[in-house]
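Number of protein chains: 2
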Amino acid sequence: QRVRGFISGVAGASPARTALLAFALVILVFTALLSLPFASRDGRVTAFHDALFVAASSVTVTGLTPVNTAEQWSFAGQLVILVAIQIGGLGILSMAALLTLAVSKRLGVRSKLITQEGMSTGRIGEVGSLLRVVVATTLLFELALAVVLIPRFTAHAGSLAEGVWHGIFYSVSAFNNAGFTIHADGLGSLLQDPWIVWTITAGVFAGALGFPVVMVLLKQRWKWSRWNLHTKLTVTTTVALVLGGALLIGLFEWSNPATLGQYGVGERIQYSLFGSVMTRSGGFAVYDVNEQYAETLLLTDALMFVGGGSASTAGGIKVTTLAVMFLAIVAEARGDREVTTHGRTIAPGSLRVAISVLALGATLVLVSTMALVAISGESLQRPLFEVLSAFGTCGLTTGLTAELPPAGKYVLTALMFAGRVGTITFASALALRQRRNLFRYPEERPIIG
Amino acid sequence: QRVRGFISGVAGASPARTALLAFALVILVFTALLSLPFASRDGRVTAFHDALFVAASSVTVTGLTPVNTAEQWSFAGQLVILVAIQIGGLGILSMAALLTLAVSKRLGVRSKLITQEGMSTGRIGEVGSLLRVVVATTLLFELALAVVLIPRFTAHAGSLAEGVWHGIFYSVSAFNNAGFTIHADGLGSLLQDPWIVWTITAGVFAGALGFPVVMVLLKQRWKWSRWNLHTKLTVTTTVALVLGGALLIGLFEWSNPATLGQYGVGERIQYSLFGSVMTRSGGFAVYDVNEQYAETLLLTDALMFVGGGSASTAGGIKVTTLAVMFLAIVAEARGDREVTTHGRTIAPGSLRVAISVLALGATLVLVSTMALVAISGESLQRPLFEVLSAFGTCGLTTGLTAELPPAGKYVLTALMFAGRVGTITFASALALRQRRNLFRYPEERPIIG
Ligand SMILES: [K+]
Ligand SMILES: [K+]
Chain A
1 QRVRGFISGV
11 AGASPARTAL
21 LAFALVILVF
31 TALLSLPFAS
41 RDGRVTAFHD
51 ALFVAASSVT
61 VTGLTPVNTA
71 EQWSFAGQLV
81 ILVAIQIGGL
91 GILSMAALLT
101 LAVSKRLGVR
111 SKLITQEGMS
121 TGRIGEVGSL
131 LRVVVATTLL
141 FELALAVVLI
151 PRFTAHAGSL
161 AEGVWHGIFY
171 SVSAFNNAGF
181 TIHADGLGSL
191 LQDPWIVWTI
201 TAGVFAGALG
211 FPVVMVLLKQ
221 RWKWSRWNLH
231 TKLTVTTTVA
241 LVLGGALLIG
251 LFEWSNPATL
261 GQYGVGERIQ
271 YSLFGSVMTR
281 SGGFAVYDVN
291 EQYAETLLLT
301 DALMFVGGGS
311 ASTAGGIKVT
321 TLAVMFLAIV
331 AEARGDREVT
341 THGRTIAPGS
351 LRVAISVLAL
361 GATLVLVSTM
371 ALVAISGESL
381 QRPLFEVLSA
391 FGTCGLTTGL
401 TAELPPAGKY
411 VLTALMFAGR
421 VGTITFASAL
431 ALRQRRNLFR
441 YPEERPIIG
Chain B
450 QRVRGFISGV
460 AGASPARTAL
470 LAFALVILVF
480 TALLSLPFAS
490 RDGRVTAFHD
500 ALFVAASSVT
510 VTGLTPVNTA
520 EQWSFAGQLV
530 ILVAIQIGGL
540 GILSMAALLT
550 LAVSKRLGVR
560 SKLITQEGMS
570 TGRIGEVGSL
580 LRVVVATTLL
590 FELALAVVLI
600 PRFTAHAGSL
610 AEGVWHGIFY
620 SVSAFNNAGF
630 TIHADGLGSL
640 LQDPWIVWTI
650 TAGVFAGALG
660 FPVVMVLLKQ
670 RWKWSRWNLH
680 TKLTVTTTVA
690 LVLGGALLIG
700 LFEWSNPATL
710 GQYGVGERIQ
720 YSLFGSVMTR
730 SGGFAVYDVN
740 EQYAETLLLT
750 DALMFVGGGS
760 ASTAGGIKVT
770 TLAVMFLAIV
780 AEARGDREVT
790 THGRTIAPGS
800 LRVAISVLAL
810 GATLVLVSTM
820 ALVAISGESL
830 QRPLFEVLSA
840 FGTCGLTTGL
850 TAELPPAGKY
860 VLTALMFAGR
870 VGTITFASAL
880 ALRQRRNLFR
890 YPEERPIIG
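Sequence lines, in order, name chains A and B.
For the first sequence, position 50 (counting from the first letter as 1) is numbered 50 according to my numbering, and the numbering increases by one without interruption.
Just so we're on the same page, my numbering is the position in the second sequence counted from 1, plus 449.
It should be emphasised that the hints constitute simulated quantities derived from the structure, not laboratory data.
From the three backbone atoms N, C-alpha and C, an ideal C-beta is built for every residue, glycine too.
Incorrect hints may have been included.
Stated by the list, open to error - Where chain B lies over chain A, by a calculated footprint (3+ residues, C-beta under 8 angstroms):
1. 289 to 302
2. 322 to 331
3. 338 to 352
4. 361 to 371
5. 378 to 391
Given only the sequences and the hints, what does the whole structure look like? Please build it.
Right, dumping it as structure tokens:
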């Protein structure tokens with residue numbers, strides 16, 4: 001009761017700052033744990049910049065890593081990473097849920113908003129029960145994934161203990177969109193197993209939709225007309241991006257002998273779809289990212305920048321931001337004065353938030369890429385990819401992360417942190433401060449474009 | 450009188466389509482002229498894709514060219530290019546002025562808008578006199594530049610005839626932000642002359658402000674309080690970008706022996722400023738673009754994407770679009786419900802146009818870069834630079850343009866055309882169609898970011 005009151009009080013006072021501090025604190029704790037000798041396979045202390053990087057990468061569920069997870073860490077170390085992913089993932093979802101609650105309280109439209117989100121007031125009226133719903137839903141999804149994965153991994157590893165461990169790790173890694181692998185050469189050869197491919201695809205897909213959407217889907221199922229606007233936009237945009245991305249990846253890489261070209265037609269289609277889902281933001285890879293053509297890398301860059309659903313473990317500017325931008329263009333082209341879709345008007349405030357999120361995201365990516373290009377001395381392509389992978393908390397890698405000097409690792413660490421916490425806190429800070437001006441300035445239209 | 454009525458009628462009916470057709474027609478005429486044997490130095494027919502590219506590059510005042518202007522074209526051919534630049538530049542300014550007029554007429558706020566723009570109704574009430582003002586202003590500026598440049602070029606060339614020709618060509622090329630050079634090795638060594646550097650910098654700077662701003666400045670001079678919002682935003686953003694860009698270019702390249710490092714401190718500062726102004730969108734270069742560090746190229750990419758002032762010969766998404774985005778972020782961060790600056794509220798419609806221009810520009814760049822990367826088989830860095838140079842009608846080049854097969858040249862040609870005409874027609878088409886909805890949908894706020 002006391003803890004609940006405290007959390008509610010702090011979060012109500014400055015939820016943005018709370019989220020930021022909480023994430024930083026959790027990352028530091030895991031950095032300390034990973035630095036200790038017990039965590040590394042060779043029993044030695046891990047360098048600070050590497051421990052910090054992996055801790056940040058786990059807690060922000062990014063999946064980039066400067067060291068090979070299978071070779072660097074002991075079983076205990078890998079368990080620490082698993083716990084960090086789970087805490088990070090739950091933390092993100094809870095924080096998002098709490099902030100939604102805080103926002104709705106502050107704006108005095110709490111009950112209305114909660115109804116809109118498709119959740120009955122009774123169940124999540126309290127902070128505690130809200131958190132319970134988040135935890136229960138997450139564990140339920142992960143359990144479902146593990147049930148399919150454990151037998152398959154047991155068959156591949158030839159040992160039940162290893163199969164269970166692999167099944168649990170990859171279930172958590174997939175649903176939280178973490179993208180960490182505990183096989184030295186990545187999932188690579190295991191992805192020849194369609195059961196594993198499709199289960200991981202499904203887990204990543206569901207995890208990237210976001211808590212508000214998952215809740216609506218669980219409650220309303222496929223009754224389209226009863227979905228709220230956020231769910232409709234998220235689902236349609238996600239499906240469009242997944243199918244569009246898969247189509248283009250398939251088109252670009254169809255006869256690249258180092259990537260899709262080495263497989264049969266069925267597998268090419270399967271891996272195109274897998275690759276497309278992984279950009280939003282699973283981070284598992286079937287083949288070496290560097291072997292893809294430059295146009296595929298650029299496409300992946302764009303998809304990683306967009307990321308997944310709001311209040312999900314995915315990163316990026318979020319699919320609803322993209323949807324709102326697209327709807328704004330359609331409205332302008334049709335000459336409408338308002339941006340409308342599915343029988344609803346998008347609030348002008350949402351457009352302002354969208355443009356802010358987009359502009360801040362682009363600025364962050366630009367500045368980080370400049371820094372990384374300067375530090376690594378590389379041409380644009382690989383640093384940009386790595387930066388977008390960190391910003392989108394995606395975890396796909398060209399291998400540059402492992403090659404960087406400590407300075408470069410700190411840049412990516414900061415970017416993962418900013419990409420993860422920044423969007424939540426920024427968006428929520430905006431939503432919370434609706435100061436009214438006491439007077440209005442006259443309107444004026446500068447010439448745009 | 451008849452002509453005036455016809456122009457006014459057509460432009461009133463569909464100004465966007467008119468602009469598009471006019472530009473296409475003019476480009477085709479100059480393609481035909483440049484294809485003829487008299488235009489080339491060796492007296493042979495020039496390949497269609499090269500003639501089309503140079504014609505498009507001249508008329509859209511971009512300055513990219515797949516052939517060396519000094520070596521490929523005869524004096525007559527260079528004269529054709531000069532005329533194409535002048536017609537293109539005047540066409541852009543006139544079109545912008547006409548569209549401003551058409552928009553103001555259609556919206557029934559004509560006199561108000563014209564007053565806002567700082568021009569007395571009497572002088573540009575008619576289409577004809579508006580065009581006369583545009584032509585007179587342009588020629589006046591070019592004359593002023595030529596007066597300074599001709600003596601310098603005469604001194605360098607050692608011949609009055611050549612000096613006059615060079616002076617006129619570079620005056621037109623600079624004020625129209627065309628960036629074409631008629632020296633085989635570019636302006637390079639001539640830029641050791643501070644008179645030439647600063648005159649060209651001034652010409653490009655003035656040309657990139659845009660007609661509406663230049664008119665206000667000519668009328669109101671430095672009476673800041675009497676400037677309209679568009680002028681204030683354009684001037685402050687341009688100055689900020691120029692100084693910020695120069696600072697970063699200087700910082701990045703200070704000790705690069707292939708670029709700034711080879712000069713003295715004074716020249717390093719001078720060339721940093723020159724380089725920064727040229728990205729918006731003059732296109733002249735002191736040293737080989739490829740010799741710059743990757744971080745400088747990326748900075749240049751960003752500056753070229755932004756481009757210059759609205760209704761100017763510069764390209765890109767325009768500085769006011771950037772300013773409005775920045776102001777939107779500031780407003781969000783402060784919790785204001787309205788985007789305000791300099792005692793004015795930015796109309797929500799302007800925000801919608803800004804987000805549309807930005808999103809369309811980014812999409813165009815993304816798709817074109819994918820195409821160019823696929824066609825050239827190059828890594829991302831050079832194709833992206835070339836695409837942004839074409840989109841921003843900037844004309845700085847990594848040399849990739851000259852290396853591309855015809856398919857790549859067509860991509861860049863289309864991009865120059867779209868980058869130039871697209872923004873005008875798009876923005877004006879939007880401004881003209883203010884269809885009112887008869888009913889309103891209820892508002893709903895999807896979660897953004
Ligand atoms: K990830
Ligand atoms: K130019």
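Are there three or more residues in the stretch 322 to 331 of chain A whose C-beta lies within less than 8 angstroms of some C-beta in chain B?
holds (count 7)
Three or more residues of the stretch 378 to 391 of chain A near chain B by CB distance under 8 angstroms?
holds (count 6)
Within the stretch 289 to 302 of chain A, is the number of residues with a Cβ closer than 8 angstroms to a Cβ of chain B three or more?
The restraint on the stretch 289 to 302 of chain A holds, since 7 of its residues have a Cβ under 8 angstroms from chain B and three suffice.
Coverage of the stretch 361 to 371 of chain A by chain B, judged on three or more residues with CB within 8 angstroms
holds (count 4)
8 angstroms C-beta test of the stretch 338 to 352 of chain A against chain B, three or more residues
holds (count 13)
Of the numbered hints listed earlier, not one is contradicted by the structure.
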